[in-house]
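Undergrad: Sequence positions in the sequence shown follow my numbering and run 1 to 179.
Note that these hints are calculated values from the structure, not bench results. One or more of the hints may lead you astray.
Distance windows between CB atoms, simulated [to be verified]:
1. A139 <-> A10: 12 to 22 angstroms
2. S123 <-> G63: 18 to 28 angstroms
3. V166 <-> P37: 38 to 48 angstroms
4. L82 <-> T164: 28 to 38 angstroms
5. S32 <-> Y124: 34 to 44 angstroms
6. A38 <-> L144: 28 to 38 angstroms
7. A38 <-> T143: 30 to 40 angstroms
8. A10 <-> A38: 13 to 23 angstroms
9. T121 <-> T156: 38 to 48 angstroms
From the three backbone atoms N, C-alpha and C, an ideal C-beta is built for every residue, glycine too.
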Amino acid sequence: FPSHDRKFIAVGFHNASTSFGVRSSTDGITWSTVTLPAEVDSMVSVTYGNGMWALLGYDYSGGSYWYAYKSVNNGVTWTRTLITQHNAGNDGYIMYGNGIFVVTLPYLIQIYYSTNLTSWTFSYIPDPDPIGLLTREIAFNGTLFAIIANNGSIYTSSNGINWTRVRNKDVPLYDDVWF
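Between the sequences and the hints, there should be enough to build the whole structure, so can you do that?
TA: Spelled out as structure tokens, the structure:
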């Protein structure tokens, strides 16, 4: 289990009526609001790695902007970095493994990766039929990343940059993957 003082971080939708955003807890019972440097419409994913908490969020203000939030002091303070402006809906995911943070955005299986949560590089998953292809989830098992897509395809990568389809389109359609 990662050494991050056993803190829970929860993310979710944020707007004037719900105001959920980001919460943290050390016991899973009492939750506190996390103050971020700038709010977004929704926080969609969270991970921890290399001594850093990472949050993924999007904002529809004037377009669809995807941001990474980073904390190097166990969630006390946060910095925000723009990953991309991309009309990708609200189903992005972030995962850490093998020294790299990987973000998946759903349409056409776009991938962004970073070692420091500050500088992001674009990549993609090559697929012979990418039209309408959406990512569902990303997982890491200690040596290998896995992404499932809405058409049943499964992709793997050892470095989070170069991807291979290991399972062709299939039924049933998968919604989640975890290790």
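Undergrad: Against this structure, judge whether each hint is valid.
TA: Quick rundown of the hints versus the structure:
1. For A139 and A10, the hinted distance range of 12 to 22 angstroms is satisfied, since their beta carbons lie about 19 angstroms from each other.
2. Judged by the Cβ atoms, the range 18 to 28 angstroms given for S123 and G63 holds: they are separated by roughly 21 angstroms.
3. Checked against the hint of 38 to 48 angstroms, the pair V166 and P37 passes, with Cβ atoms roughly 39 angstroms apart.
4. At roughly 29 angstroms, the beta carbons of L82 and T164 sit within the given window of 28 to 38 angstroms.
5. Checking the proposed 34 to 44 angstroms range against S32 and Y124 shows it holds: the Cβ atoms sit about 38 angstroms from each other.
6. As the Cβ distance of A38 to L144 is approximately 34 angstroms, the hint placing it in 28 to 38 angstroms holds.
7. For the pair A38 and T143, the supplied restraint of 30 to 40 angstroms holds, since their beta-carbon distance comes to about 36 angstroms.
8. Between A10 and A38 the CB atoms are about 19 angstroms apart, so this pair conforms to the stated range of 13 to 23 angstroms.
9. Remark: the range hint 38 to 48 angstroms for T121 to T156 is contradicted by a beta-carbon distance near 19 angstroms.
Comparing the model with each numbered hint stated earlier shows that hint 9 is the single one that does not hold.
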